[in-house]
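The lines below spell out each chain.
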Amino acid sequence: MNPSKQAHKRFRAALQRLAAIFLKEFLQLRRDRGTMAMIVFIPLMQLMLFGYAINTDPKHLPTALLVQDDGPLARSVVAALRMTDYFAIERAAKSEEDADRMIRSNEVQFIIEIPPDFERRLVHGDKPAILLVADATDPTATVGAVAGANGAMAGALERELTGPLARLAQGAAPFELRVQARYNPAAEARRNIVPGLIGTILTMTMLIYTSLSVTKEIERGTMETLLAMPVRPVEIMLGKILPYVAVGAVQMTIILLVATLFFHVPIVGSLATLIPLTLLFIVANLSVGYTFSTLASNQMQAFQLSFIYFLPSMLLSGFLFPFRGMPNWAQDLGSILPLTHYLRIVRSVMLKGSGFSDLSMDTGALALFTLAAMYVAVTRFRQTLD
Amino acid sequence: MTASTPEIVIDVEGLTKSFGTKKVVDNLSMRVERGAIYGFLGPNGSGKTTTIRMLCGLLTPDAGRGSCLGYDILTQQDEIKPRVGYMTQKFSLYGDLTIRENLEFVARIYGLDDPVGAANDALIRLGLADRADQLAAELSGGWKQRLALGACTLPDPALLLLDEPTAGVDPKARRDFWDEIQHLAAQGLTVLVSTHYMDEAERCHKIAYIAAGRLLVSGTIDEIIREAGLATYIVTGPELNELTDRLRKTPGVEMAALFGMALHVSGRDGSLLDKIALDFGEGAPQRWTKGAPMLEDVFIDLMIRAGGAPL
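So the sequences go chain by chain: C and E. Numbering that gives the first Met the number 0 numbers the first residue of the first sequence as 0 and each following residue consecutively. Numbering that gives the first Met the number 0 numbers the first residue of the second sequence as 0 and each following residue consecutively.
Everything labelled a hint here was simulated from the structure, so no lab data went into it.
These stretches of chain C come out as covered by chain E in the derived footprint (C-beta under 8 Å, 3 or more residues):
# : region
1 : 217-223
2 : 227-238
3 : 377-385
With a straight-line cut-off of 35 Å between C-alpha atoms, the simulated DSBU-like cross-links for lysine-lysine are:
# : chain 1 : residue 1 : chain 2 : residue 2
4 : C       : K215      : E       : K89
5 : E       : K89       : C       : K23
6 : E       : K22       : C       : K23
Ideal placement from N, C-alpha and C gives every residue a C-beta, glycine not left out.
Could you put the whole structure together from the sequences, leaning on the hints where they help?
As structure tokens, this is what we get:
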């Protein structure tokens with residue numbers, strides 16, 4: 000046989016072996032119905048979801064109004080701000096403290112403060128200032144609104160400044176819009192991103208730790224012995240989750256140290272708030288992972304479920320894109336995810352100094368989520384081999 | 000725990016279990032007395048494992064009822080589990096834990112007062128002390144089996160369910176294993192053990208033969224042999240293979256099977272078999288001697304009649 004013919008034969012044999020493996024993989028894949036469904040479902044769902052949800056120029060941001068002068072001129076300025084579409088002025092603050100509380104607890108993104116004597120001083124030509132306080136923990140969420148507000152001020156009083164007041168319409172605007180970018184005055188992205196990363200990293204690592212815990216026992220055959228022993232599903236679940244709370248605590252420490260030492264992100268609030276709430280978030284994610292491992296029938300499915308969960312957590316939680324920029328349905332969806340609540344918590348505590356009382360809603364949501372996930376896991380856990 | 004064990008440890012009636020359309024266990028009833036070693040025999044796929052799993056609460060029967068250690072197998076699984084040691088067919092302890100860690104884990108799950116001490120005692124009793132810190136995955140088949148037995152006897156159960164515990168284990172380890180089983184039974188422990196080996200079946204106090212999900216016979220070995228009513232000839236000499244083929248086609252021969260150098264020929268009709276022996280033996284180079292049927296003859300006969308595959 001000549002050498003080229005021999006090489007040809009060897010090549011054909013290699014192709015045949017390749018085809019054998021190819022065929023075997025395909026048969027195994029086809030038999031795994033869950034995976035087959037997810038092959039279609041994952042890209043479709045993610046594309047529809049994020050294509051419609053993401054918007055980097057959020058409008059209708061919740062705004063509180065602190066009016067200390069209720070005259071017609073002040074009202075016109077407020078109306079002009081409302082006209083920009085950026086401000087959903089739905090709250091009235093009673094005092095400065097009240098307004099501060101609202102922004103600290105994430106009820107509002109902006110405060111518009113009309114000072115006392117606004118109208119009188121304006122008429123006197125004193126150029127009074129309207130204060131626009133922006134929660135700048137997420138600079139991308141406020142930059143459009145601030146620009147819109149500045150633009151709207153020029154013509155805000157066009158209609159009112161007639162007759163005797165017409166002189167005020169000449170030259171520069173008769174009042175000033177003073178913007179205060181609170182919590183992140185230099186609009187540094189890392190002040191927003193680094194605390195967000197704490198949540199994202201913990202979501203990813205915690206999920207992976209527990210998402211295989213039940214499928215692993217089933218695939219290794221150890222589940223049979225475990226089920227024959229006098230141990231209850233709740234005990235198995237908690238026993239599998241708790242060690243990773245310790246792991247999560249170590250990761251949390253590392254991340255917080257790096258965030259403060261290398262990225263110089265301040266921790267304005269107290270660690271006594273941040274640590275327990277972070278631990279709660281860790282438990283929430285571990286519970287989700289464990290729930291996935293009871294829902295999946297093999298490790299591949301568990302991985303895919305984790306992935307389905309992880310992407311919306313990145314995109315719909317407010318980590319990469321402003322939460323309030325999303326349509327309502329996407330915000331509702333995002334509100335189910337623990338990361339959404341934890342991002343509010345971690346950013347608020349680190350940058351705004353919020354305490355437990357400011358964050359009770361998000362804390363409650365995390366706790367509720369954890370309990371729901373655990374409930375599903377325990378009821379889904381198959382106690383027999385049926 | 001053994002003191003409070005009822006006289007009848009396993010008492011089930013009409014157990015039935017299907018997977019999909021296949022009936023794996025079909026109307027199975029059995030009783031096992033305290034302190035007995037009860038052998039469970041039958042070909043692969045006959046429903047032995049499924050029956051054992053129903054007894055320890057791992058599977059829910061589709062029909063039937065019964066009790067295990069006096070507790071209802073349908074509703075009181077939480078009472079049964081702490082009192083039963085179950086050894087799975089496939090090694091199912093943690094390969095990435097050491098022997099000691101596996102035993103301590105089991106001791107803790109069962110709530111023993113001193114898990115570390117109990118594991119230590121078990122290590123010594125099982126002769127595993129010098130391997131205590133070896134990972135279970137690295138053990139050979141025989142040691143794995145010994146560890147598994149140690150783990151399921153550790154919590155001092157009243158009933159042991161052993162599912163083909165000696166499959167793939169060498170003869171010496173098998174013998175040691177059975178010595179241990181008999182030792183445990185002598186102390187009042189009840190043992191239900193499934194096996195393929197006839198020598199093991201002969202070490203059981205009682206045996207049950209199950210094929211295609213149905214229990215065909217049960218009792219002591221003598222009872223089973225007697226009730227089978229088989230007459231048996233043992234044929235020795237040359238050309239046994241050929242003779243076997245011919246005998247299998249002969250009416251009146253229920254079973255013809257080679258055991259080493261000897262051909263066992265059995266039939267239910269004794270006088271007919273005598274005649275066959277005479278016909279085939281006359282002038283032939285083989286020697287026909289009348290013998291007592293062995294358990295294996297009975298089982299192979301049962302299996303052939305049940306239409307099952309060979310053991």
